[in-house]
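Enquirer: Chains as they are written, first to last, in my numbering: chain H, 2 to 165; chain V, 137 to 225; chain E, 5 to 110.
Please note that the accuracy of each hint is not assured.
Ranges of calculated distance between the beta carbons of each label pair, as one might list FRET restraints [said to hold, decoys possible]:
| hint | chain 1 | residue 1 | chain 2 | residue 2 | range |
| --- | --- | --- | --- | --- | --- |
| 1 | H | ARG130 | E | MET5 | 46 to 56 Å |
| 2 | H | ASN24 | V | MET137 | 30 to 40 Å |
| 3 | H | HIS103 | V | ILE144 | 48 to 58 Å |
| 4 | H | THR75 | E | MET5 | 22 to 32 Å |
| 5 | E | LEU6 | H | GLU89 | 35 to 45 Å |
| 6 | E | ILE72 | H | THR46 | 16 to 26 Å |
| 7 | V | SER139 | E | ILE72 | 19 to 29 Å |
| 8 | V | SER193 | H | PRO99 | 44 to 54 Å |
| 9 | H | GLU144 | E | ILE80 | 23 to 33 Å |
| 10 | H | ARG64 | E | HIS95 | 28 to 38 Å |
| 11 | H | LEU23 | V | LEU138 | 40 to 50 Å |
| 12 | E | ARG30 | H | LEU41 | 46 to 56 Å |
Everything labelled a hint here was simulated from the structure, so no lab data went into it. Even for Gly, the Cβ is constructed at its ideal location relative to N, Cα and C.
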Amino acid sequence: MSLRLLPHPLLTPMLAGIWLLLNNSIAPGQILLGTLLGWLIPLFTLRFWPEAIRIRHPWRMLRFFGVVLFDIVTANLVVAMRILGRPENLRPAFIELPLDLHSDLAISLLANTICLTPGTVSAQLSQDRRTLLVHALDAPDPEAVKASIKSRYEAPLKEVFETC
Amino acid sequence: MLSLVIPIAFALVAGAVAMNFWRLLRGPSAPDRILALDTLYVNTIALLVLLGIHLGSALYFEAALLIALMGFVGTVALCKYLLRGDIIE
Amino acid sequence: MLDFLLSFLILAGAVFTFIGSLGLARLRDFYTRLHGPTKATTLGVGCLLIASSLYFSHQGNGVSLHEILITLFLFITAPVSAHLLAKAALHQDLPRVNDRRGHPRD
Chain H
2 MSLRLLPHPL
12 LTPMLAGIWL
22 LLNNSIAPGQ
32 ILLGTLLGWL
42 IPLFTLRFWP
52 EAIRIRHPWR
62 MLRFFGVVLF
72 DIVTANLVVA
82 MRILGRPENL
92 RPAFIELPLD
102 LHSDLAISLL
112 ANTICLTPGT
122 VSAQLSQDRR
132 TLLVHALDAP
142 DPEAVKASIK
152 SRYEAPLKEV
162 FETC
Chain V
137 MLSLVIPIAF
147 ALVAGAVAMN
157 FWRLLRGPSA
167 PDRILALDTL
177 YVNTIALLVL
187 LGIHLGSALY
197 FEAALLIALM
207 GFVGTVALCK
217 YLLRGDIIE
Chain E
5 MLDFLLSFLI
15 LAGAVFTFIG
25 SLGLARLRDF
35 YTRLHGPTKA
45 TTLGVGCLLI
55 ASSLYFSHQG
65 NGVSLHEILI
75 TLFLFITAPV
85 SAHLLAKAAL
95 HQDLPRVNDR
105 RGHPRD
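Isolated chain H (complex conformation) (with noise of 0.2 Å):
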């Protein structure tokens, strides 16, 4: 019955926060308004929203997102150094990630956490969702790119999404 009224318990919440943070304002009324519409919206949208989120260990989630944070800004600075130096020197390559990850929402968490993060972008899933291309500005030893993507971003997803 609560999932009936409730069908995602964490939209409802942030639904309201984006409300909020719109009007720029956290006057009682628009509490009450942005509480309403974060009910009403995953209501109507159900049928968009088959399958439940299910994250396993907050905690763990919000450590990911802070590691996530933390390596923005790092690889901000490295990518910046290495548009400023001679691009001659560059060693840019097409990297095969496979994955270990199967649902949908941790695949493409882990796709835009590869984006924001040291110099790489992905660029493909595989028919198959067992590879995703990933492009690397500077790589000169794929295999760490790849291990270090694994440890640091995948596992933890893993972690939070599925079954352990």
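Following the hints, put chains V and E in place on chain H, whose structure we already have.
Expert: Just chains V and E now, with coordinates in the frame of chain H:
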């Protein structure tokens, strides 16, 4: 100090916009031009935010938000067009 | 103190934005050009937006947090458009420079 920094920031972002235009006009392939356009949107957001700080007005926020939304949708639509030759299937 | 922090954030944001676009103009093939705008420019605009949020919070009229919304939105959408652009480029089979390794299969 702010009054000194803001003109420098304006100059840097304007330089960035100029380079985007260069890539937009020259770009050898269609994805290059789309990438230039996408970067142009993001840099326009930067310019608007700077203008907001410079003039001390929060009015520019809505414009920046709209540009962010429209820019993303435009980039996705153009990429879809290149990938499939069709935007809505 | 706040003045100093604001100046630093604005300058850092502008420099990152500039470097990102410099990468777009300067690097030699599409796949490497893709890196500049997706990373440096996003962080640059993020810095500017945080500066704006701090500035307007300091101005009075309460805390101003709606800039966070644009920052979040950019951080979510930039990888998506980068991914799609890379896909489109692979689809068109754009040439690569200085790169003999890795064979993307279609």
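Enquirer: So, against the hints stated earlier in the document, which numbers end up violated here?
Expert: 11
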